[in-house]
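Novice: Chains as they are written, first to last, in the working numbering: chain A, 10 to 327; chain B, 37 to 364; chain C, 1220 to 1537.
Source of the hints: derived by calculation from the structure; they are not laboratory data. Think of the CB as a built atom: it goes at the ideal place given N, C-alpha and C, for glycine as much as any other residue. A portion of the hints provided could be inaccurate.
To be verified - Computed beta-carbon distance windows for the label pairs:
| no. | chain 1 | residue 1 | chain 2 | residue 2 | range |
| --- | --- | --- | --- | --- | --- |
| 1 | A | Pro289 | B | Gln287 | 40 to 48 angstroms |
| 2 | A | Ser290 | B | Glu166 | 58 to 66 angstroms |
| 3 | B | Asp189 | C | Gln1258 | 42 to 50 angstroms |
| 4 | A | Pro289 | C | Val1360 | 53 to 61 angstroms |
| 5 | A | Ser163 | B | His349 | 24 to 32 angstroms |
| 6 | B | Asp189 | A | Glu276 | 19 to 27 angstroms |
| 7 | C | Val1360 | A | Gly94 | 58 to 66 angstroms |
| 8 | A | Pro289 | B | Asp189 | 16 to 24 angstroms |
Stated by the list, open to error - To give a feel for the contact side, a few chain A residues facing chain B, derived at Cβ under 10 angstroms:
| no. | residue |
| --- | --- |
| 9 | Gln197 |
| 10 | Lys274 |
| 11 | Gly291 |
Said to hold, decoys possible - Now the stretches of chain B that chain A is said to cover, found in silico as 3 or more residues with beta-carbon under 8 angstroms:
| no. | region |
| --- | --- |
| 12 | 167-174 |
| 13 | 228-240 |
| 14 | 293-299 |
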Amino acid sequence: MALLEVENLSIGYHSQKGYLHAVEDISFSLEAGKSFGFVGESGCGKTTLGIALMRLLPPNGVIGEGRILFEGKDLLKKSDEEMRGIRWKKIAMIFQAAMNALNPVHRVEDQIVEAILAHDLMHSKEEAMKQVEDLFVLVGIPKDRMRDYPHQYSGGMKQRAIIAMAMACRPTLMIADEPTTALDVIVQDQILGEIKSLQEKYKISIIFISHDISIVSDVCDNIGVMYAGQLVEYGDKVEVFSSPAHPYTKALLSSYPTVTGEKYKLEPIAGEPPNLINPPSGCRFCHRCPSAGVSCKTESPVWFELTPTHRAFCSYIR
Amino acid sequence: MVENNNKPILQLKDISKTYSSKTSFLGGCGKEIVALNHISLKIFKGEIFGLVGESGSGKTTAGRLIVKLEKPAAGKIFLNGNEITGLTGKVLKDFRLKVQMIFQDPYQSLNPQLSIYDTVSEPLHIHNIENVQARKYLVIQALKSAGLTPPDDFLHRYPHQLSGGQRQRVAIARAMILKPKFVIADEPTSMLDASISAHIFNILLEMREKLGTTFLFISHSLAAARYLCDRIAVIYRGNLVEIGPGDAVIQKPKHPYTQALLDALPKFGHWDEVRRYDTLLKAERDTYQDEGCPFFDRCKVAHKEKCSRERPHLTAAGDSHSVACFYA
Amino acid sequence: MGRFEIGSYEMSMEKLNKKSLNRMPWMARFRDGWAIYRQNLLGKIGLTLLVIFALMALCSFIPPLIDPMYQPMTGVDPNIAKSTGPSFRHWLGTDFMGRDILSQLLAGARVAFMVGVSAAFMSIVIGTAIGMIAGYMGKFVDTLLMRLADMIMVMPTLLVVLILAALFGQLNIWTIVLIIALFRWPGVSRVIRAQTLSLKQRPFIEAAKVAGASHMRIIFRHIMPNVLPLAFLYMTFRVTSAIIIEAALAFLGFGDPSTVSWGMMLQWVWKTGHMFKAPYWLLPPGICISLITLSFYMLGRAMDEVLDPRLRKETGTG
Chain A
10 MALLEVENLS IGYHSQKGYL HAVEDISFSL EAGKSFGFVG ESGCGKTTLG IALMRLLPPN
70 GVIGEGRILF EGKDLLKKSD EEMRGIRWKK IAMIFQAAMN ALNPVHRVED QIVEAILAHD
130 LMHSKEEAMK QVEDLFVLVG IPKDRMRDYP HQYSGGMKQR AIIAMAMACR PTLMIADEPT
190 TALDVIVQDQ ILGEIKSLQE KYKISIIFIS HDISIVSDVC DNIGVMYAGQ LVEYGDKVEV
250 FSSPAHPYTK ALLSSYPTVT GEKYKLEPIA GEPPNLINPP SGCRFCHRCP SAGVSCKTES
310 PVWFELTPTH RAFCSYIR
Chain B
37 MVENNNKPIL QLKDISKTYS SKTSFLGGCG KEIVALNHIS LKIFKGEIFG LVGESGSGKT
97 TAGRLIVKLE KPAAGKIFLN GNEITGLTGK VLKDFRLKVQ MIFQDPYQSL NPQLSIYDTV
157 SEPLHIHNIE NVQARKYLVI QALKSAGLTP PDDFLHRYPH QLSGGQRQRV AIARAMILKP
217 KFVIADEPTS MLDASISAHI FNILLEMREK LGTTFLFISH SLAAARYLCD RIAVIYRGNL
277 VEIGPGDAVI QKPKHPYTQA LLDALPKFGH WDEVRRYDTL LKAERDTYQD EGCPFFDRCK
337 VAHKEKCSRE RPHLTAAGDS HSVACFYA
Chain C
1220 MGRFEIGSYE MSMEKLNKKS LNRMPWMARF RDGWAIYRQN LLGKIGLTLL VIFALMALCS
1280 FIPPLIDPMY QPMTGVDPNI AKSTGPSFRH WLGTDFMGRD ILSQLLAGAR VAFMVGVSAA
1340 FMSIVIGTAI GMIAGYMGKF VDTLLMRLAD MIMVMPTLLV VLILAALFGQ LNIWTIVLII
1400 ALFRWPGVSR VIRAQTLSLK QRPFIEAAKV AGASHMRIIF RHIMPNVLPL AFLYMTFRVT
1460 SAIIIEAALA FLGFGDPSTV SWGMMLQWVW KTGHMFKAPY WLLPPGICIS LITLSFYMLG
1520 RAMDEVLDPR LRKETGTG
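If we strip away everything but chain A, and leave its shape as in the complex, we get:
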């Protein structure tokens, strides 16, 4: 049985201008110990999906329909009390710009100890401090830096501290939303390496959310490409990368410059993503799609299975 199974999940926001269909009808599954990456550009709904899985949507966010089955049980049916028992202990999340989540006036060690004690993991401060020490070793922060304040840490170290906090409970699932966006290339590479080794060592499942398809392809086993709130391509990363089927995935891949291989002309994608308050019927990508057919505007696309581990949401794949 998969660790996480999401079935037909739809999420929206009530805004002043109307109901925003942020995420529409998403289904995917994640095996224990594997990693799944969600890729998409701004506004595609990937962050919304991430926080919805933890049921941390803001007050105007609504889960329209669907099920989130974690270890076989539907998270949407759980009470607030039960969710509190799951968050951080079983499912941990690293938010975007998490480094700014560290309180600048407290020492880093104190903040993590406080989090541990607040979640009833340990009962004495000494135990918690020992745990923090172990965590720091885990993520590669030297022990003599534990008593520092956040501003004395570099960007990479702050991110490592956040990962240590997320790991405090040895969660089964970790959701990482753009954990390396603000970091330099070399540090990014090191952090990604760390996340990968943590995953292998502790058999944690990871959901990795990013706008950068090259990072996601490095870290994850499976990839889901999102566009305008929908999942448009989904499968094993090697297959998705080497033979992308959905026109958006193809366009996305050809808009990244590379350092290896042939130098090709970057093709930007013309136009803008659709308005999600009144999403168009039919395919949401058709206005920008180079291979759009006549029926794409009116008929909803269908899932096309290229291989058992690679599917795309498009009517025109042959």
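Starting from the known structure of chain A, fit chains B and C onto it as the hints suggest.
Specialist: Chains B and C in isolation, oriented as in the chain A frame:
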């Protein structure tokens, strides 16, 4: 396309810049931070020159010194052979006609209270150019060449009504409206998605084709620099460590830092390749930063004696390719 | 990145026809602004109340035209020589001299607006100019101006006016307005200076410098429009404080004796011992003072939302 008759359009000679940080949060005396350390380089007319480095490398500072948002602590800057380091008054204003900048953050580089028309036409107002009709025409032309069509739609909108990509294109229109000879693009796409970045890159390339503008492209992305630039310079902690033709620096990097950068880039499809250069130490060495090579404390291939005492200078290592390393 | 963008969502601009696009941008902005303002409940209540008060002020000219006995200051009902309750001839009754209370109330509305708005406007103009110059110039000019502001700020306005009144006898209403303005600008200038300091660093200011803009141009074209919303906001609060100061002065007997204001009315109620005997005389001016200050405050809050696009209730995440 690139006029390399040894007369560069822009030249930096021995530029240094330091910042003194005042007392730190918890006390302690002010330190001097060296942002740029005796940088010299030449950029030729019509080329797109890439300056690549990580945060804190000094690349943005170099750009800001050239547009005179800040003054160098030492050294000289030349535009077309004329020194521009100490310009004031009318001469400074004329300089502004020739050198412009595209800023990094499209969400902050446009005045939120001004319409797009006002923002793009401002340089025209400042330099007392033409009458109202002519200004409107020039603004429309600028918006068109920056890829914002139909231009009339955008004139009366405000920045918060535009997406990040559109805002950045407005910033490009503003920078280009005076048809400057030299433009600094300071990380123009780091806040934008990939598909939009691609568009911005292509606009820059087009402007170089059509107007012959010379660009200094500042970025942390070697991949973007490879796509856009004729030549690339790599900067580390305020020091130039490698300069050369784009393909040479990317395919045959000579400096251990450049090699480490290339190693760290996501493999993008080539997952089974082993790390190619492996020049980075796992843990940093403890050293005196003032002496020796700036990369010494992280360099795997460094020699303890020489590299910690002497500072390497840029020396030729191939066809217009120079490296600041004793062992390249 | 996490910025949520609702596609290429355009506001009521789409409804504007081509012709109006050629008009001044500020008209389009006004239209947009009104659309937003309309949605704010507090703003609507505040504006309604203010419109009522404004009408009252405008109508203050009418009663004396109907019959000279309705003159607020000098009109006396020939048949009444003491305070009487509401009746057909005098809708709110008469004061101790037989003067019509309603016409006094209307005249008071006029004075309130005059005093409030003029004093606020003057103090804002002074405070904004000084704040911008201090913030932008920095160093010596900044220090000088801010020390001046400090000195003035610590002086209690009311006390100073009382002392001046004691020294020079009864003060003219416009003198009072001027003094209020001269004592109230420091508060504004501090805030505007802080705004200016933060704006100074913003990239669009640097872009203007790179384009060759002079200091004056930067201050008036770039900084001023961005601090004006804050200045306007402060103006609404200043109006309330100006009205209250004037009312307090009048109540204490230091107002302009030739001007009928609500504070003056309260003074008459008190001084003639009618405070508990004539609620029809006591309550109207008191309620008016409270309501007008409240409505300016509500106006200020709603305007804040209009003028700062980022404060609008846009929701959602990427």
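Novice: All hints, please: hold or fail.
Specialist: Hints versus structure:
1. Pro289/A - Gln287/B: 40 to 48 angstroms: holds (45 angstroms)
2. Ser290/A - Glu166/B: 58 to 66 angstroms: Violated - the Cβ-Cβ distance for Ser290/A and Glu166/B, about 48 angstroms, lies outside 58 to 66 angstroms.
3. Asp189/B - Gln1258/C: 42 to 50 angstroms: Since the Cβ atoms of Asp189/B and Gln1258/C sit about 25 angstroms apart, the hinted range of 42 to 50 angstroms is violated.
4. Pro289/A - Val1360/C: 53 to 61 angstroms: For Val1360/C against Pro289/A, whose Cβ atoms are near 57 angstroms apart, the range 53 to 61 angstroms holds.
5. Ser163/A - His349/B: 24 to 32 angstroms: Given range 24 to 32 angstroms: holds, Cβ gap about 29 angstroms.
6. Asp189/B - Glu276/A: 19 to 27 angstroms: For Asp189/B and Glu276/A the Cβ distance comes to about 24 angstroms; the hint holds.
7. Val1360/C - Gly94/A: 58 to 66 angstroms: At roughly 60 angstroms between Cβ atoms, Gly94/A and Val1360/C fall inside 58 to 66 angstroms, so the hint holds.
8. Pro289/A - Asp189/B: 16 to 24 angstroms: This hint holds: roughly 20 angstroms between Cβ atoms.
9. Gln197: It holds, given that the least Cβ distance between Gln197/A and chain B is near 7 angstroms, below 10 angstroms.
10. Lys274: holds (8 angstroms)
11. Gly291: violated (21 angstroms)
12. 167-174: n = 0 at 8 angstroms, threshold three: violated.
13. 228-240: holds (count 9)
14. 293-299: holds (count 4)
Checked against the numbered hints listed earlier, the structure breaks hints 2, 3, 11, 12; every other hint is satisfied.
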